[in-house]
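Residue numbers (my numbering), protein chains in the order written: chain S, 1 to 338; chain D, 1 to 265.
Be a bit skeptical, because a hint or two may be false.
As the list claims (entries may be wrong) - If you only want the chain D side, here are some residues facing chain S, beta carbon under 10 Å, derived:
(1) A91
(2) D102
(3) Q113
(4) S124
(5) R174
(6) A175
(7) T210
(8) F211
(9) M226
Said to hold, decoys possible - Which bits of chain S does chain D cover? Going by a derived footprint, with three or more residues having C-beta under 8 Å, they are:
(10) 183 to 197
(11) 209 to 215
(12) 245 to 251
No lab work stands behind these hints, which were simulated from the structure alone. Beta carbons are placed, not taken as given, at the ideal position from N, Cα and C, and that holds for glycine.
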Amino acid sequence: MLRRYSVHMFLALLGFVLVYLAYNELVNLYILSILMFMGVNIILSASLNLVNGYMGEFSCGHAGFMCVGAYVSSMLGVLLFAKDKVFGLPLLSPEFALYAFPVLIFAGGVAAAFAGLLVAIPSYKTRGDYLAIITIAANYIIISGIENISYIGGSRGFMGMKRLIRSMEDVVDLPWMLIWVFLFTIFSIWILRRYLSSTFGKGVSAICQDEVAAEIMSVNTNKIKTITFMLSSGLAGIAGGLFAYILGYVNPGSFNILKSTEVLVMVYLGGMGSLSGSVLSAIFFTVLLEVLRPLQIIKWVVIPLLLIILMQFRPEGIMGNRELGDIFPWLKRFYRFK
Amino acid sequence: MTQLHVQEKSVPVLEIENLSQRFGGLTAIANFNIALGENDLTGLIGPNGAGKTTVFNLVSGFYQPSEGEIRIGGTPIAKLKPHQVTAMGVARTFQNIRLWSDMTVLDNIRVAQHYRLGYGFFHSILRSKTYQQREAEITKEANNLLEVFDLIRYRDEFPGNLPYGTQRKLEIARALSVHPKLLLLDEPAAGLNSNDIQDLIRLIRWIHNTFDVSIWMIEHHMDVMMELCNHIKVIDFGETIAEGSPEEIRKHPAVISAYLGDDTL
Ligand SMILES: Nc1ncnc2c1ncn2[C@@H]1O[C@H](COP(=O)(O)OP(=O)(O)O)[C@@H](O)[C@H]1O
Ligand SMILES: [Mg+2]
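Okay, chain S solo, but in the shape it has when bound (with noise of 0.2 Å):
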């Protein structure tokens, strides 16, 4: 009993303390951000470890579908909930954001999911180095196609989504922002965990293994694919929104390949196909992300560096393919988790 609920007790005191310390102002706003910003990051490195960890792909444009969610649902945010200069009056009442905030956010995943089959679809003829190349040329056309609509910015961006932030704020005074990001990320790590536990889903590790045995043995691989890789890039655009709502901005320049590697680099570091270590690898990178800021342009030589490093040394990560319970068996005895 203690051991069947002790992950959904353990993630409801984290949640409690996060928002209690938030709330009470207890930590900064500085701090409060890099919070947010590694659950956006657990996201983004779960995500991707699901087509290049488990599937065995090579996916190096993941920014390119952030960026398709995190326009859907900023613009739809503000055309229904606020007052802006592109959109005009608010179409609904703002008090509605806070309950409507999810859906902003789905929808913007849907869209990103869709996005996602711009690489699906090549998939099922295309594999490696040349579905790689295919991946790039999605993230570019997502963020060439955007910079040059310049009714919503173009690479200005666009923004306006503080306004919702606040009439949630307004509504329920709590530290709403934190609260979705936690939720969102708790909700992204659950979907994956079912998703590649269940026997249908581990056709994913069929095609990663062996893709004529695969098909050969009747999984529809290209309908395995398709979910895969909608899902991937659905996750992303989740990110992707939550990401716009945190910076209350958004510009096309942020999801540009250097993003989609920054994400490659959680993936390797945390270990393929291992999701205890996406998350792992997503919390250190964003707390190093931030120890290395006073460095500046240069952190983009250090941080290369590391991966040399790391691929020299310990070229499967910080996990290898294994999850924590793997590795310390005693953890089993305290939770069990699906």
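Fit chain D with the ligands to the known structure of chain S by using the hints.
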């Protein structure tokens, strides 16, 4: 009534008519014909590069034939994807073992039931009643299969840790978890020692007696073929050069000359 019954029974499990397959300028298979009944145990032999594996690849839907037609239980498989052909009851093993190496033995058997999971993405996320019921059934069936194949003690092992002969056996078990009407075995004795080969002969005969399945196998070990098959087809350079009972094949002049200098016969 009886007549209708007889007619139903007489639809062959597999029919191949005038099958040809060309790869560029190379004719890998030319004008190939065969019909397999419900409980047949048929052999396909021929020198290396004769086109045997190509026939199996065509039957499992891996290539679209250049010419000719393949029917499973009377239904043409042209335009079907391999996973759809498998769902019609065609399972196979490979010349070089293709198990999923990072999946446990149990998962290897479970995933091969993919076409009849009966649930999809949303069920797997919501862990619906259907999901739980089907997963329980799938696991139970996989356990049973491992039990009857005497592989249950390897359940949680990875295939790479098993002896080679056991991996071959596991691959056959995985093929049977598809519930096939037709089982294609591509050189199941390749790489086995003589003890393992005797076990394999017993295993195939046991499968033939236990399961409702027509077996078609490619094999270089003639003793295996002589002992198991009731009908053998011989091809060379894609052409059928002989067919008949094992005794007929052994004496057939065309077969002897095709294998001349080849000591496998
Ligand atoms: N996908 C392919 N593309 C081109 N040539 C092929 C292909 N598959 C098989 N072949 C050729 O067809 C011939 C028959 O091959 P195969 O069926 O594997 O022979 P075997 O009887 O030894 O199983 C060989 O010459 C082989 O090189
Ligand atoms: Mg062959």
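Checked hints:
1. The closest approach between the C-beta of A91 of chain D and any C-beta of chain S is roughly 8 Å, which is under the 10 Å cut-off, so the hint is satisfied.
2. Taking 10 Å as the C-beta cut-off, the interface hint given for D102 of chain D holds, the closest approach to chain S being about 6 Å.
3. A hinted interface residue such as Q113 of chain D counts as satisfied when its beta carbon comes closer than 10 Å to some beta carbon of chain S; here the least separation is about 7 Å, so the hint holds.
4. For S124 of chain D, the interface hint holds, since its Cβ comes within 10 Å of a Cβ in chain S; the closest pair sits about 4 Å apart.
5. Contact between R174 of chain D and chain S, as hinted, is supported at the beta carbon level, the nearest pair being about 7 Å apart and thus within 10 Å.
6. The restraint placing A175 of chain D at the interface with chain S holds, with a minimum CB-CB distance near 8 Å, inside the 10 Å limit.
7. Violation of the interface hint for T210 of chain D is found here, the shortest Cβ-Cβ separation to chain S being roughly 21 Å, above the 10 Å cut-off.
8. Using the Cβ-Cβ criterion of 10 Å, the hint placing F211 of chain D at the interface with chain S is not satisfied: the shortest such distance is roughly 17 Å.
9. Annotation: interface hint on M226 of chain D violated; nearest CB of chain S at approximately 29 Å, more than 10 Å.
10. With 3 residues carrying a beta carbon less than 8 Å from a beta carbon of chain D, the stretch 183 to 197 of chain S meets the three-residue requirement, and the given coverage holds.
11. Coverage of the stretch 209 to 215 of chain S by chain D holds in this model, with 6 residues showing a Cβ closer than 8 Å to a Cβ of that chain against a need of three.
12. Here the stretch 245 to 251 of chain S counts 0 residues with a CB under 8 Å from a CB of chain D, which misses the bar of 3, and the coverage is violated.
Checked against the numbered hints listed earlier, the structure breaks hints 7, 8, 9, 12; every other hint is satisfied.
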